[in-house]
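**Q** Sequence:
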Amino acid sequence: MMKKQIIYTCYEYLFILILTALLMAFLPLQAGAKPLENSRNLFTPLSSDAAGDVETAADKTGKEPSEEGNEKEAAESQVKKETAQAPYVPPAFLKGVSGTDEVLAVLKKEFEKDGAIIDAHLKSRLNSLLNSPREFDFKSGGASVDTAANEIVYPYIDIRLADALFDSLNVETASINIKGISFDAFALFALGKLRVKSQKEIAADINIAEDDLNAYLKNKAEKIKVRRPYVRFDKGKLAFGGTFKYGLFVIKFDANGIFKIVENTKIHFDIKRLEVNQVRMPSGFVKKIILKINPIMDLEKFPFKLVMKTIAVSDKYLIFSSK
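For the sequence shown, the numbering used here assigns the number 2 to the initial residue and increments by one for each residue that follows.
Just so you know, the hints here were simulated from the structure itself, not pulled from any lab data.
We put the beta carbon where it would ideally sit given N, CA and C, even for glycine.
Heads up, some of the hints might be wrong.
[Claimed, not checked] Simulated restraints, written as ranges between beta carbons of each label pair:
id, residue 1, residue 2, range
1, LYS226, LYS310, 26 to 32 Å
2, LYS317, VAL98, 48 to 54 Å
3, LYS226, VAL90, 36 to 42 Å
4, LYS198, ASP316, 37 to 43 Å
5, PRO91, GLN279, 58 to 64 Å
6, LYS306, GLU113, 28 to 34 Å
7, LYS293, VAL90, 39 to 45 Å
8, ALA106, ARG233, 52 to 58 Å
9, SER99, GLU202, 31 to 37 Å
Please model the complete structure; the sequences and the hints are all you need to start from.
**A** Here's what the structure looks like:
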């Protein structure tokens, strides 16, 4: 009986030590005291104040919180304005026409009168979907209409873009060459939607500036579950960081790694090294973070079926290529 009583006393003593340590750790924070500079606290208790005060390396600008809030509101309103599109109005020759067969019959008739109407309409829809790029060069091998298959077929399409916007992501420059592509004819003319039915080959190079990628990530912060995200290109290397909620804590992290392409369009960040408050994290923790933040972006909403194979960092640009 005496031996059993001693064991219970040890457990009670251990519980008192743990409780004392917790009180010593949290009470100074509640009182407003700052932790020691050399302390190794990795996590900050989640609260409205703590969540708002967590900073990333990219946010150390010396701006007041009110200024940051105003900038965020301005960015959000700008994105809404840029992505808003006027309701689609079909061409005048389709007025009063309904049904797939009727639309295709009228389209075929108009195309026989004017062989340029399909190129002009496709270019107009692309211009609208990409939010009126600063530069937009469109060339094609000439369209043909197959009413039986509901298809508009091109032997090739060659497009050059500058400052095009899709899904809130600004594309600095893009070069896209597609061979053997067909579109849904009814969707394009009756609905104003670009639906690719088939394509044989695509060669694409897309350049995205570091500043534009940061703006995109901040607009998508909630979706990718990272607050105040940032990327930084430095001599061919890539750094990614921000803060995120992990259980009851808000964690600030800085990571080095690479972007990789998954399923042709999804962009994932593959972490090679992860630090939380300058302490390197083990591989098990890194894997959990990778699952939490990916995909960083998805090019699936681009008007064409992009098949991207490589990503490279050059100077201050991220370069996607189908090569």
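**Q** Next step is simple, just say for each hint if it's right about the structure.
**A** Structure-based check of all given hints:
1. LYS226 to LYS310: 26 to 32 Å: Given a distance of about 27 Å, which is inside 26 to 32 Å, the answer is holds.
2. LYS317 to VAL98: 48 to 54 Å: holds, 50 Å
3. LYS226 to VAL90: 36 to 42 Å: holds, 39 Å
4. LYS198 to ASP316: 37 to 43 Å: Once the Cβ atoms are compared, 38 Å apart, the range 37 to 43 Å for ASP316 and LYS198 holds.
5. PRO91 to GLN279: 58 to 64 Å: holds, 59 Å
6. LYS306 to GLU113: 28 to 34 Å: About 29 Å separates the Cβ atoms of LYS306 and GLU113, which means 28 to 34 Å holds.
7. LYS293 to VAL90: 39 to 45 Å: holds, 43 Å
8. ALA106 to ARG233: 52 to 58 Å: holds, 56 Å
9. SER99 to GLU202: 31 to 37 Å: Holds, since SER99 and GLU202 (Cβ atoms, about 36 Å apart) stay within the stated range.
No hint from the list above goes unmet by this structure.
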